[in-house]
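Participant: Protein sequence lines correspond, in order, to chains A and B. Just so you know, the first sequence maps onto residues 2 to 300 in my numbering. Just so you know, the second sequence maps onto residues 142 to 367 in my numbering.
What the hints contain is simulated information worked out from the structure, not anything from laboratory work. The C-beta atom is built at its ideal place from N, Cα and C for all residues, glycine as well. Hints are supplied without guarantee of correctness; some may be wrong.
Now the in silico label distances, taken between C-beta atoms and shown as ranges [as the list claims (entries may be wrong)]:
id: 1; chain 1: B; residue 1: Lys196; chain 2: A; residue 2: Glu270; range: 50 to 58 Å
id: 2; chain 1: B; residue 1: Ala200; chain 2: A; residue 2: Phe90; range: 49 to 57 Å
id: 3; chain 1: A; residue 1: Phe108; chain 2: B; residue 2: Ser280; range: 40 to 48 Å
id: 4; chain 1: B; residue 1: Gly281; chain 2: A; residue 2: Phe142; range: 50 to 58 Å
id: 5; chain 1: A; residue 1: Phe142; chain 2: B; residue 2: Ser250; range: 55 to 63 Å
id: 6; chain 1: A; residue 1: Glu272; chain 2: B; residue 2: Ser210; range: 54 to 62 Å
id: 7; chain 1: B; residue 1: Asp348; chain 2: A; residue 2: Leu91; range: 48 to 56 Å
id: 8; chain 1: B; residue 1: Arg255; chain 2: A; residue 2: Glu186; range: 24 to 32 Å
id: 9; chain 1: B; residue 1: Ser250; chain 2: A; residue 2: Leu136; range: 32 to 40 Å
id: 10; chain 1: A; residue 1: Phe108; chain 2: B; residue 2: Lys196; range: 25 to 33 Å
id: 11; chain 1: A; residue 1: Val281; chain 2: B; residue 2: Thr297; range: 51 to 59 Å
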Amino acid sequence: MNSTLAILAVLDGISYAALVFLVSVGLSLIFGVLRVVNVAHGSLYAFGAYLAATFSIKVAPLSPWLTYPALLAASVVIGVVCGGFIERFLLRPLYGRDDVLQLLITFAAFMIMDNLQRLIWGVQPIFAAEPLKLLPNVTVFGVNYTSYQVILLPGVALMTLFGLRYFLRHTLAGAVIMAVTEDREASTSIGIDARRVYFVTFIIGASLAALGGALASPTTSLVPGMGADMIVLSFAVAATAGLGQIEGTALTALMIGLTRAFVIYLQPEFEVLVPYLLMVLVLLVRPYGLFGATQVRKI
Amino acid sequence: MTPMLSFENVNVAIADAPVLRNVTFALRPGASAALIGRNGAGKTTTVRTIMGFTKAIGAIRLGGEDLGSIPPHRRPSLGVGYAPEDRRLFSAFTVEENILLPGRVAKLSLQETRRRLERAYSVLPELQELARRPAGSVSGGQGKMVALGRALMLGTRLLILDEPFQGLAPVLAQRYAEALRRLRSQDKDITMLITESNPKLLETFADVTLTIERGEIEGDSSQSIG
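Take the sequences, apply the hints, and build the full model.
Facilitator: Here is the structure:
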């Protein structure tokens with residue numbers, strides 16, 4: 002592998018890791034607080050991408066710069082509407098019941114949303130690359146690359162990481178989420194409305210999945226099935242990091258993103274295999290993930 | 142006089158098995174009540190029912206107000222402080238953050254939050270030394286103290302302590318009992334309900350003793366006004 006290809010692989014890896022992080026951290030946050038593995042997370046990613054493309058195509062003739070707020074708006078709409086609906090009407094009736102029910106219901110939601118996506122946007126690929134084309138290319142060690150992918154996407158991912166860290170550790174709302182994450186009943190006994198916390202957290206997690214999709218939309222053609230690919234990969238990242246680990250998710254997304262990018266250049270037939278191979282290896286050695294810890298019960 | 146806390150024919154079943162049967166008692170404001178019973182008698186279910194963590198049939202009133210229509214997360218803001226049996230501190234926060242969190246959630250003013258923190262420290266002076274320590278790093282006995290301090294943040298009318306002496310070394314149990322006596326001397330109006338399996342530990346402190354056995358209060362509990 003020559004140096005140009007190596008730099009390309011690094012840039013591809015960073016760009017891809019940023020998107021994977023956004024989706025995975027939403028999944029991880031939802032699991033950390035609600036203890037729900039949200040299979041419909043991939044659909045929220047796909048819906049975010051499709052709605053962002055729809056909004057971008059509508060607003061681009063007015064001003065191409067409006068496509069950026071359109072990406073954000075699509076994320077919020079999908080997070081609030083779809084995420085809010087799933088938590089309120091599909092998950093809330095199941096809290097306290099068998100975990101398998103939650104898995105089944107989110108799987109059903111995923112299948113329903115996959116069909117809805119085909120009904121609404123059809124099966125033909127959709128392109129909406131305006132936000133990507135607006136920003137100039139940059140040269141990194143002699144390699145030309147889009148600044149959208151190499152600066153904007155990692156920038157948004159880093160802002161999300163540090164924003165989430167600040168929110169959880171330095172605000173009352175964050176402290177309340179941390180408390181519910183640790184002990185729902187103890188939280189309720191000091192006056193915290195755990196149901197509201199679940200609702201808000203699910204919307205945040207869903208919005209992050211949709212944001213990942215919205216930001217990915219200018220970089221790829223949107224096709225049916227994109228949600229399924231992303232949920233499996235983001236689950237691999239979240240599980241490898243340790244479910245509920247925000248910083249760990251960022252590092253694992255980077256590790257898997259870079260590894261995947263190098264594999265594409267070196268042995269492309271192993272592209273799909275590598276993230277899951279890493280996940281299996283890590284989970285065999287550390288069942289709680291790279292950054293997860295076993296729950297210690299103090300006596 | 143309106144009782145601070147009353148149970149009228151309260152029944153609770155868990156997984157269809159009756160755990161509380163026709164529990165009836167009343168506590169006057171300012172009472173120090175001991176709820177005594179063996180393991181599995183229904184002590185913890187009784188206090189969890191006050192907090193709204195079980196589905197109960199019957200009437201539970203706080204200062205005459207029916208708690209049945211009040212969701213569990215609103216009950217602490219009525220002046221109810223609860224220290225569960227197994228402490229259940231938030232390990233991600235420091236000791237002081239644990240004590241302050243109920244006040245922050247209830248949106249108490251800064252001045253009132255500070256006043257209540259001082260109250261907790263005056264009852265439990267040893268907590269000041271632990272204030273900056275992560276709650277996950279304190280010992281089991283210290284954790285019981287922190288749980289009491291946290292309960293005091295909102296517990297201005299009714300303080301519920303579930304088996305506070307269980308697992309405490311004798312010296313810590315002594316200190317915990319001293320803290321309760323300090324609280325009682327500082328605040329004559331607060332009602333305390335303390336569960337315990339060993340009746341001797343509370344015999345000098347409690348002015349009313351309720352005995353629970355197989356989910357039933359023994360004796361004529363309707364007169365247990367304290």
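Participant: It remains to establish, for every hint, whether it holds in the given structure.
Facilitator: Now for the hints, and whether the structure bears them out:
For the hinted restraint 50 to 58 Å between lysine 196 (chain B) and glutamate 270 (chain A), the CB-CB distance of approximately 57 Å keeps it satisfied. A beta carbon spacing of about 33 Å between alanine 200 (chain B) and phenylalanine 90 (chain A) contradicts the range 49 to 57 Å that was offered as a hint. Checked against the given bound of 40 to 48 Å, the beta carbons of phenylalanine 108 (chain A) and serine 280 (chain B), roughly 44 Å apart, stay inside it. At roughly 57 Å, the beta-carbon separation of glycine 281 (chain B) and phenylalanine 142 (chain A) lies within the given 50 to 58 Å, and the hint holds.
A hinted range of 55 to 63 Å holds for the C-beta pair phenylalanine 142 (chain A) and serine 250 (chain B), which are about 57 Å apart. The beta-carbon spacing between glutamate 272 (chain A) and serine 210 (chain B), approximately 58 Å, falls within the hinted interval of 54 to 62 Å. Distance hint check: the CB atoms of aspartate 348 (chain B) and leucine 91 (chain A) are about 51 Å apart, consistent with the given range 48 to 56 Å. The given range of 24 to 32 Å is respected by arginine 255 (chain B) and glutamate 186 (chain A), whose C-beta atoms sit roughly 28 Å from each other.
A C-beta distance of roughly 48 Å is found between serine 250 (chain B) and leucine 136 (chain A), which places it outside the suggested range of 32 to 40 Å. The beta-carbon spacing between phenylalanine 108 (chain A) and lysine 196 (chain B), approximately 30 Å, falls within the hinted interval of 25 to 33 Å. At roughly 54 Å, the beta carbons of valine 281 (chain A) and threonine 297 (chain B) sit within the given window of 51 to 59 Å.
Hint violations for this structure: numbers 2 and 9, all remaining hints satisfied.
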